[in-house]
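*Asks:* Generate coordinates for the entire structure from the input sequences, incorporating the hints supplied.
Chains as they are written, first to last, in the numbering used here: chain A, 1 to 265; chain B, 1 to 309; chain C, 1 to 260.
I should point out that these hints are in silico values taken from the structure, not numbers from a laboratory.
In this text, a Cβ means the ideal position worked out from N, Cα and C, and glycines have one as well.
Accuracy of the hints is not assured; some may be wrong.
Claimed, not checked - For lysine to aspartate or glutamate, the following EDC-like pairs were computed, each having C-alpha atoms within a straight-line distance of at most 16 Å:
1. B:143 - B:132
2. B:143 - B:169
3. C:94 - B:87
4. B:143 - B:108
5. C:94 - B:88
6. A:97 - B:136
7. B:134 - A:113
8. B:143 - B:87
To be verified - Here are the in silico distance ranges between beta carbons for each label pair:
9. C:241 - B:133: 54 to 60 Å
10. B:28 - C:237: 36 to 42 Å
11. A:101 - B:252: 32 to 38 Å
Stated by the list, open to error - Examples of chain B residues toward chain C, derived with CB under 10 Å:
12. 50
13. 53
14. 56
15. 74
16. 75
17. 78
18. 79
19. 83
20. 84
21. 90
22. 92
23. 93
24. 94
25. 107
26. 246
27. 249
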Amino acid sequence: MAPTTRSQLSSARWLRSWWYHATFYAQTWRASVVASILFPFMFLASLGVGVGHLVGAHTGLVEGQTYLHFIAPSLLATTTMQLGESESLWPVLASVKWIRTYHAAAATPLEPEDILVGKLAWLATRAFFTAIAYTLIIACFGAIQSWWCLTLPFIGTLITVAFSAPLVAYASAAESDASFATLYRFAFVPMFLFSATFYPVSAYPGALRPVVQLFPLYHGVALVRAAAYGTGSLGPQLAHIAVLVAMAASGVLWGRRTLRRRLTD
Amino acid sequence: MTAERVVEARHLVKRFGSFEAVKGIDVAIDRGESFGFLGPNGAGKTSTMRMMSAVSQPTEGTITIFGLDPRTDGPDIRRRLGVVAQEDSLELELSVRLNLEMFGRYFDLPRRVVRERVDELLDFAQLTERADDKVDNLSGGMKRRLTIARGLINQPEILILDEPTTGLDPQARHLLWDRLYRLKREGVTLIITTHYMDEAEQLCDRLVVMDRGTIVAEGAPRTLIERYSTREVVELRFSTDDHEEFHSRLSPFAERVEVLPDRVLLYVNEGDETLMEIHAAGITPSSALVRRSSLEDVFLHLTGRTLTD
Amino acid sequence: MTRLALFGTRRSLRILERNALVYRSQWLMLVSGFFEPLFYLLSIGIGLNHLVGDLHVHGRVVSYATFVAPGMLATSAMNGAMIDTVFNTFFKLKISHTYDALLSTPLEVTDVALGEVWWALARATVYGASFIACMALLGDAGSWWVVLCWPGAILTSLAFSCIGLAACTYVRSWQDFDLVTLVQLPLFLFSATFFPISLYPRWLGAIVSFSPLYQSASLLRGFSLGQFDWMMVIRAGYLVAIALVGLRIASQRFRRILTP
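*Replies:* Right, here's the structure in full:
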């Protein structure tokens, strides 16, 4: 039998980390699946239909869409962002500090990079299926108007990884969760509220509009809307994609360093 | 003059659903006594302790502590008790000092009194230098010492300790024993559960052995050894794979013979004499050891060698 | 104080003291909590306020932000109370076993449950005041009567902290919190917080009126706009009744878990 070469091993190793996360999720998926299907329905019924009724009576269309159709796609963007956020801070700190399951994994042939890539690949997998479910639900409410909607699962995956990678890197280096709540309050909540999610960017005074573009979620929301309606030109979409890819890539590079330092020190 | 009864339990029963953890035990403890509960895991020791701490109520039977009924006078009883449970349940986010101060406040002690006692207790637990450290950063032994100090904040008349030294290193155990001696000399009644027989022999004036919810033996450590074991034990090893074959050959030499996978135990009164008789009979063990019988022999004799949970 | 009080004794205040001590080290998190309502109200003021326009509430024309703000205050009181009681209490009850040590002191189980309610109320007092200040700052207060929203928010917190305390005793593991969210979220979305209850068909409106969050939001809206009627007494009574039932269940369940 030929000896297994090192490169052969490493190409498959991250899959084991992926498999670990998948196995873990298999124990606990039920409640989260129910929540992730019921949540968008309830959200769109309340804000989309209820508030949409008021908006329709007063303003009429918002950027050429009814209010329901205007906010429905942005829900996919905020949800995939929240998936990246919630699965990357506390769970990672728990794995490297509290219950140290990543240390246990690092005692096997897995390298820190494999653990990192496996984790992100697993979140990407979840994001992909979540985005499919959301696309179908958004379609139920009539907000899907173009075949470009087939790209929505990929956009959702990109958003999740773009948020997850830097946060995994940050949590890998964290000593306590003290800063996480602050991060939520001062970064995630404002981003959720102000990224032109619930109203068009034209609501802001002109001077503020470039500032809104600093929010990564703004790019996700714009991308998702363009795909759902089949509107928008290619150039700006490529720019949105570039922002998210840059976030993901820098997150991976940073995470390689922090996780390696955490697991090998 | 007889000593004051501080704990009196009659036909104490504790059931959890259909499971009967304590099956009608009688216990009486006098002031100043140091009383031990021995038994394997699942014997009902902790359930008994919780009833004696006036925390959980007996399903049947009666218990009085300081002559008071825990059903109606729980807070007044607990005001005079110190409890060191198996789990430390310390406030990990708070400093050592704040843990003690906060606990004192639960007893409605004035802040000034608490502060004085905290300094004494820090010294007692040898934690003065770590007073302002977060408890999360302490070692296991330090946390245990802090838990014991915490149980003393109200200057209790009875201190109840549930496996106080489990998981401690030998230094920490001896330090703790030393501290418990001091309390005993000061007149504090000690109620202790333990797995460690040497601990029970060291600390307890009187003890009971519990097994599957009942009391199977009661008395002073020395009395129990005399009653349930012989004075000495001879441990013999043979160069064989099966020590069982020596059972019948050795039984004439001892009151009781026990065969273990790697050795044979002979329960006898004069170990050296027995050993000479065995050699004279032409039986040659590869190694032999004569030791005094211990509480552990009593314990294993009464509760068996197989795991109970 | 030898007889057991139904809902706990003065000693329950020690739990308040204990929580204040533990959270003192997390002051940054407490302070940052002031900003959340500010962000929400600001976001609504910038965007939805113009999209929705003005609404008629009992003959008075108010901006959408003024209409929504009391509902957000009620929601924030609910969320704060639920996080404190469900999550933090579950942790102390079943993970860190903090209460086990407490019960070897003169404190009773009822004191522990009541003490957690005091703590939730103390936090609601502080956060409620800051929320109302934000409302006034952003021009979302309907009248000077808005100061009555303060006790109103504390009452809301009382009702939900008692519900949360009872609920947390049924939580088996962290996964069960998804179920809590599954109740909390529809309450938030459908309790006529974002739009008037008149938008619902009559039968649906009747169901919504059972939501404690709806009753709280209506009460606070009445205070903010300075519109008073006898229904407000019923709404407040409903919240008090929920609090009493919740605390009673919580005390019994605490007793069963902590002193079996």
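*Asks:* Against this structure, judge whether each hint is valid.
*Replies:* Taking the hints in turn, this is what the structure says about them:
Restraint check for residue 143 of chain B and residue 132 of chain B: satisfied, since their Cα atoms lie roughly 14 Å apart, inside the 16 Å limit. Restraint check: the Cα-Cα separation between residue 143 of chain B and residue 169 of chain B comes to about 13 Å, which is no more than 16 Å; the hinted pair holds. A distance of roughly 13 Å separates the Cα atoms of residue 94 of chain C and residue 87 of chain B; the hinted pair therefore holds under the 16 Å criterion. With a C-alpha separation of about 24 Å, the suggested pairing of residue 143 of chain B with residue 108 of chain B is violated against the 16 Å cut-off.
Annotation: proposed proximity of residue 94 of chain C to residue 88 of chain B holds, straight-line Cα distance about 14 Å (limit 16 Å). Only pairs whose Cα atoms come within 16 Å are accepted, and residue 97 of chain A paired with residue 136 of chain B is accepted, the gap being roughly 13 Å. Taking the CA atoms of residue 134 of chain B and residue 113 of chain A, the gap is about 34 Å. The hint is violated against a cut of 16 Å. In summary, the hint linking residue 143 of chain B to residue 87 of chain B is supported, as the alpha carbons are separated by about 10 Å, within the 16 Å threshold.
The hint said 54 to 60 Å for the Cβ distance between residue 241 of chain C and residue 133 of chain B, and at roughly 47 Å that hint is violated. Restraint check, residue 28 of chain B to residue 237 of chain C: a C-beta distance of roughly 54 Å breaks the suggested window 36 to 42 Å. Roughly 59 Å separates the CB atoms of residue 101 of chain A and residue 252 of chain B, a value that falls outside the hinted 32 to 38 Å. Because the smallest distance between the Cβ of residue 50 of chain B and any Cβ of chain C comes to about 8 Å, under 10 Å, the interface hint for this residue holds.
Below 10 Å, beta-carbon pairs count as interface contacts, and residue 53 of chain B has one with chain C at about 6 Å; its hint therefore holds. Evaluation of the residue 56 of chain B hint against chain C yields a held restraint, the C-beta minimum of about 5 Å falling below 10 Å. At about 7 Å, the closest approach between the beta carbon of residue 74 of chain B and any beta carbon in chain C falls short of 10 Å, and the interface hint on this residue holds. Interface hint at residue 75 of chain B: satisfied, since its Cβ lies 4 Å from the closest Cβ of chain C, which is below the 10 Å cut-off.
At a threshold of 10 Å, the smallest CB-CB gap from residue 78 of chain B to chain C is about 5 Å, leaving the interface hint in force. Taking 10 Å as the C-beta contact cut-off toward chain C, the hint placing residue 79 of chain B at the interface holds, the least distance being around 5 Å. With 10 Å as the threshold, the beta carbon of residue 83 of chain B comes within range of chain C, its nearest partner Cβ sitting at about 4 Å, so the hint holds. Hint on residue 84 of chain B holds. Least Cβ distance to chain C is approximately 9 Å, under the 10 Å limit.
Nearest Cβ of chain C to the Cβ of residue 90 of chain B: about 8 Å, under the 10 Å cut. The hint holds. Annotation: residue 92 of chain B was flagged as interfacial toward chain C, and the flag holds, the nearest CB pair being 7 Å apart, inside 10 Å. At about 5 Å, the closest approach between the beta carbon of residue 93 of chain B and any beta carbon in chain C falls short of 10 Å, and the interface hint on this residue holds. For the restraint placing residue 94 of chain B at the interface with chain C, the shortest Cβ-Cβ distance is roughly 6 Å, inside the 10 Å limit, so the hint holds.
A least Cβ separation of about 6 Å between residue 107 of chain B and chain C falls short of the 10 Å threshold, and the interface hint therefore holds. Because the smallest distance between the Cβ of residue 246 of chain B and any Cβ of chain C comes to about 49 Å, over 10 Å, the interface hint for this residue is violated. Residue-level restraint check for residue 249 of chain B is violated (minimum Cβ-Cβ distance to chain C is 52 Å; threshold 10 Å).
When each numbered hint is compared with the structure, violations occur for hints 4, 7, 9, 10, 11, 26 and 27.
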